[in-house]
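Which chain is which? The protein sequence lines are A and B, in order.
So the first sequence is numbered by the working numbering: it starts at 1 and just counts up by one.
So the second sequence is numbered by the working numbering: it starts at 1 and just counts up by one.
Just so you know, the hints here were simulated from the structure itself, not pulled from any lab data.
Each hint should be verified, as a subset may be incorrect.
[To be verified] Every beta carbon over 10 Å from chain B, so not counted as near; a handful from chain A, in silico:
{"id": "1", "residue": "Gln6"}
{"id": "2", "residue": "Gly14"}
{"id": "3", "residue": "Thr16"}
{"id": "4", "residue": "Ser20"}
[Stated by the list, open to error] DSSO-like cross-link-like pairs, simulated, lysine-lysine; straight-line CA separation at most 27 Å:
{"id": "5", "chain 1": "A", "residue 1": "Lys53", "chain 2": "A", "residue 2": "Lys22"}
{"id": "6", "chain 1": "A", "residue 1": "Lys22", "chain 2": "A", "residue 2": "Lys36"}
{"id": "7", "chain 1": "A", "residue 1": "Lys9", "chain 2": "A", "residue 2": "Lys40"}
{"id": "8", "chain 1": "B", "residue 1": "Lys98", "chain 2": "A", "residue 2": "Lys38"}
{"id": "9", "chain 1": "B", "residue 1": "Lys1", "chain 2": "A", "residue 2": "Lys18"}
{"id": "10", "chain 1": "B", "residue 1": "Lys42", "chain 2": "B", "residue 2": "Lys98"}
{"id": "11", "chain 1": "A", "residue 1": "Lys19", "chain 2": "A", "residue 2": "Lys53"}
{"id": "12", "chain 1": "A", "residue 1": "Lys22", "chain 2": "B", "residue 2": "Lys1"}
{"id": "13", "chain 1": "B", "residue 1": "Lys1", "chain 2": "A", "residue 2": "Lys9"}
{"id": "14", "chain 1": "A", "residue 1": "Lys22", "chain 2": "B", "residue 2": "Lys98"}
{"id": "15", "chain 1": "B", "residue 1": "Lys98", "chain 2": "A", "residue 2": "Lys53"}
{"id": "16", "chain 1": "B", "residue 1": "Lys42", "chain 2": "A", "residue 2": "Lys41"}
{"id": "17", "chain 1": "B", "residue 1": "Lys1", "chain 2": "A", "residue 2": "Lys41"}
{"id": "18", "chain 1": "B", "residue 1": "Lys42", "chain 2": "A", "residue 2": "Lys40"}
{"id": "19", "chain 1": "A", "residue 1": "Lys53", "chain 2": "A", "residue 2": "Lys36"}
{"id": "20", "chain 1": "A", "residue 1": "Lys9", "chain 2": "B", "residue 2": "Lys42"}
{"id": "21", "chain 1": "A", "residue 1": "Lys18", "chain 2": "B", "residue 2": "Lys42"}
{"id": "22", "chain 1": "B", "residue 1": "Lys98", "chain 2": "B", "residue 2": "Lys1"}
{"id": "23", "chain 1": "A", "residue 1": "Lys38", "chain 2": "A", "residue 2": "Lys22"}
{"id": "24", "chain 1": "A", "residue 1": "Lys40", "chain 2": "A", "residue 2": "Lys53"}
{"id": "25", "chain 1": "B", "residue 1": "Lys1", "chain 2": "A", "residue 2": "Lys19"}
{"id": "26", "chain 1": "A", "residue 1": "Lys9", "chain 2": "A", "residue 2": "Lys36"}
{"id": "27", "chain 1": "B", "residue 1": "Lys42", "chain 2": "A", "residue 2": "Lys36"}
{"id": "28", "chain 1": "A", "residue 1": "Lys18", "chain 2": "A", "residue 2": "Lys36"}
{"id": "29", "chain 1": "B", "residue 1": "Lys68", "chain 2": "A", "residue 2": "Lys53"}
{"id": "30", "chain 1": "B", "residue 1": "Lys42", "chain 2": "A", "residue 2": "Lys19"}
{"id": "31", "chain 1": "B", "residue 1": "Lys1", "chain 2": "B", "residue 2": "Lys68"}
{"id": "32", "chain 1": "A", "residue 1": "Lys41", "chain 2": "B", "residue 2": "Lys98"}
{"id": "33", "chain 1": "B", "residue 1": "Lys68", "chain 2": "A", "residue 2": "Lys41"}
{"id": "34", "chain 1": "A", "residue 1": "Lys19", "chain 2": "A", "residue 2": "Lys40"}
{"id": "35", "chain 1": "B", "residue 1": "Lys42", "chain 2": "A", "residue 2": "Lys22"}
{"id": "36", "chain 1": "A", "residue 1": "Lys38", "chain 2": "B", "residue 2": "Lys42"}
{"id": "37", "chain 1": "A", "residue 1": "Lys40", "chain 2": "A", "residue 2": "Lys22"}
{"id": "38", "chain 1": "A", "residue 1": "Lys38", "chain 2": "B", "residue 2": "Lys1"}
All C-beta atoms in this analysis are idealised placements derived from N, C-alpha and C, irrespective of residue type, glycine included.
These are the residues of each chain, in order.
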Amino acid sequence: DTEVTQTPKHLVMGMTNKKSLKCEQHMGHRAMYWYKQKAKKPPELMFVYSYEKLSINESVPSRFSPECPNSSLLNLHLHALQPEDSALYLCASSQDTPRGSGANVLTFGAGSRLTVL
Amino acid sequence: KQEVTQIPAALSVPEGENLVLNCSFTDSAIYNLQWFRQDPGKGLTSLLLIQSSQREQTSGRLNASLDKSSGRSTLYIAASQPGDSATYLCAVNFGNEKLTFGTGTRLTIIP
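Extracted from the complex, chain A is given alone in its bound form (with noise of 0.2 Å):
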């Protein structure tokens, strides 16, 4: 298995609700990333785990909050989001951190295209 899946690949919510995006592999890869990209712009780094742990928070606000459950999976639990927040949001994984071998591969998965009303 050399994919990364995502899911919901569409979600739609209102600035009150709480959602969540997951993020799947299995391909032993031991840091996971979320990234957000906007319309026509690059992807923005969100969060970085290494080994299960959390290594980077680029100053996300607390409204995205993230977990790693186990070395498979990433989830990024939403709440009282604002209408700005509406992107395309990307998880991705690697062998090791970049800073680790630097040897390393993403792979991204399709993302989560997500609407706030």
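Take the given structure of chain A and dock chain B to it, following the hints.
Okay, now just chain B, sitting in the frame of chain A:
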């Protein structure tokens, strides 16, 4: 500040032509550089990874080069096809546990 720039933002080329996409970065102390393609509304597909010790990498019709001293990388696509139409992103690992993405080049191959 570590930045990655891709110029031009958009490029249209007739089918069959060879083309070069450019990527510039501000800090020559990089770990590696990765080229991705992204189709509209989709995730990113990794094309090539170049280590800091390498000068180029090849995969099929794609060839990526790296010149750290000048802070540049190029992605060469030979014999372009309509299926090559996509946005191409370069991303640099500056050794701080994350990738810094360029702004992308939107490529259109004209049949």
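Hints versus structure:
In this structure glutamine 6 (chain A) is not separated from chain B by more than 10 Å, as the shortest Cβ-Cβ distance comes to only about 8 Å. Even its closest Cβ contact with chain B, about 23 Å, leaves glycine 14 (chain A) beyond 10 Å, as expected for a residue assigned away from the interface. Once the 10 Å rule is applied to beta carbons, threonine 16 (chain A) is consistent with being away from chain B; the minimum gap is 27 Å. Distance to chain B confirms serine 20 (chain A) as a non-interface residue, since its nearest Cβ pair spans about 19 Å, more than 10 Å.
As the CA atoms of lysine 53 (chain A) and lysine 22 (chain A) are separated by approximately 17 Å, the hinted pair is consistent with the 27 Å bound. A C-alpha spacing of about 14 Å is found between lysine 22 (chain A) and lysine 36 (chain A), which places the hinted pair at or below 27 Å, so the restraint holds. Pair hint lysine 9 (chain A) plus lysine 40 (chain A) holds up; C-alpha atoms about 19 Å apart against a cutoff of 27 Å. A distance of roughly 19 Å separates the Cα atoms of lysine 98 (chain B) and lysine 38 (chain A); the hinted pair therefore holds under the 27 Å criterion.
Annotation: proposed proximity of lysine 1 (chain B) to lysine 18 (chain A) is violated, straight-line Cα distance about 36 Å (limit 27 Å). With a C-alpha separation of about 21 Å, the suggested pairing of lysine 42 (chain B) with lysine 98 (chain B) holds against the 27 Å cut-off. Of the supplied pair hints, the one linking lysine 19 (chain A) and lysine 53 (chain A) holds, its CA atoms being roughly 22 Å apart against a limit of 27 Å. A hinted pair counts as satisfied when its Cα atoms are at most 27 Å apart, and lysine 22 (chain A) with lysine 1 (chain B) does not qualify at roughly 33 Å.
About 34 Å separates the Cα atoms of lysine 1 (chain B) and lysine 9 (chain A), which puts this hinted pair outside 27 Å; it is violated. Note on lysine 22 (chain A) and lysine 98 (chain B): the hinted pairing holds, with a Cα-Cα distance of about 21 Å set against a maximum of 27 Å. With a CA separation close to 15 Å, the supplied pair lysine 98 (chain B) and lysine 53 (chain A) stays within the 27 Å bound. Distance hint between lysine 42 (chain B) and lysine 41 (chain A) is fulfilled; the C-alpha atoms sit about 13 Å from each other, no more than 27 Å.
Distance restraint check for lysine 1 (chain B) and lysine 41 (chain A): the Cα-Cα separation of roughly 19 Å lies within the 27 Å cut-off, and the hinted pair is therefore satisfied. Simply put, lysine 42 (chain B) and lysine 40 (chain A) have alpha-carbon atoms about 12 Å apart, close enough for the 27 Å limit, and the pair holds. Of the pairs offered as hints, the one joining lysine 53 (chain A) and lysine 36 (chain A) holds, with about 20 Å between alpha carbons and a cut-off of 27 Å not exceeded. In summary, the hint linking lysine 9 (chain A) to lysine 42 (chain B) is supported, as the alpha carbons are separated by about 10 Å, within the 27 Å threshold.
At roughly 24 Å between alpha-carbon atoms, lysine 18 (chain A) and lysine 42 (chain B) fall within 27 Å of each other, so this suggested pair holds. For the proposed pair lysine 98 (chain B) and lysine 1 (chain B), the alpha carbon gap of about 14 Å is at most 27 Å, so the pair holds. Taking the CA atoms of lysine 38 (chain A) and lysine 22 (chain A), the gap is near 19 Å; set against the 27 Å cutoff, the hint holds. Distance restraint check for lysine 40 (chain A) and lysine 53 (chain A): the Cα-Cα separation of roughly 31 Å exceeds the 27 Å cut-off, and the hinted pair is therefore not satisfied.
Proposed proximity of lysine 1 (chain B) and lysine 19 (chain A) is contradicted: the alpha carbons are some 35 Å apart, above 27 Å. A distance of roughly 14 Å separates the Cα atoms of lysine 9 (chain A) and lysine 36 (chain A); the hinted pair therefore holds under the 27 Å criterion. With a C-alpha separation of about 13 Å, the suggested pairing of lysine 42 (chain B) with lysine 36 (chain A) holds against the 27 Å cut-off. For the hint pairing lysine 18 (chain A) with lysine 36 (chain A), the CA-to-CA distance comes to about 18 Å; that is within 27 Å, so the pair holds.
A C-alpha spacing of about 32 Å is found between lysine 68 (chain B) and lysine 53 (chain A), which places the hinted pair above 27 Å, so the restraint is violated. Of the supplied pair hints, the one linking lysine 42 (chain B) and lysine 19 (chain A) holds, its CA atoms being roughly 21 Å apart against a limit of 27 Å. As the CA atoms of lysine 1 (chain B) and lysine 68 (chain B) are separated by approximately 17 Å, the hinted pair is consistent with the 27 Å bound. At most 27 Å may separate the alpha-carbon atoms for a hinted pair to count; lysine 41 (chain A) and lysine 98 (chain B) meet this at roughly 17 Å.
Restraint check: the Cα-Cα separation between lysine 68 (chain B) and lysine 41 (chain A) comes to about 25 Å, which is no more than 27 Å; the hinted pair holds. This hinted pair checks out: lysine 19 (chain A) and lysine 40 (chain A) have alpha carbons roughly 25 Å apart, not beyond 27 Å. A C-alpha spacing of about 16 Å is found between lysine 42 (chain B) and lysine 22 (chain A), which places the hinted pair at or below 27 Å, so the restraint holds. Between lysine 38 (chain A) and lysine 42 (chain B), the direct Cα distance comes to roughly 12 Å. Compliance with the 27 Å bound is thereby established for this hinted pair.
Between lysine 40 (chain A) and lysine 22 (chain A), the direct Cα distance comes to roughly 24 Å. Compliance with the 27 Å bound is thereby established for this hinted pair. Straight-line distance between C-alpha atoms of lysine 38 (chain A) and lysine 1 (chain B) comes to about 22 Å, which keeps the hinted pair within the 27 Å bound.
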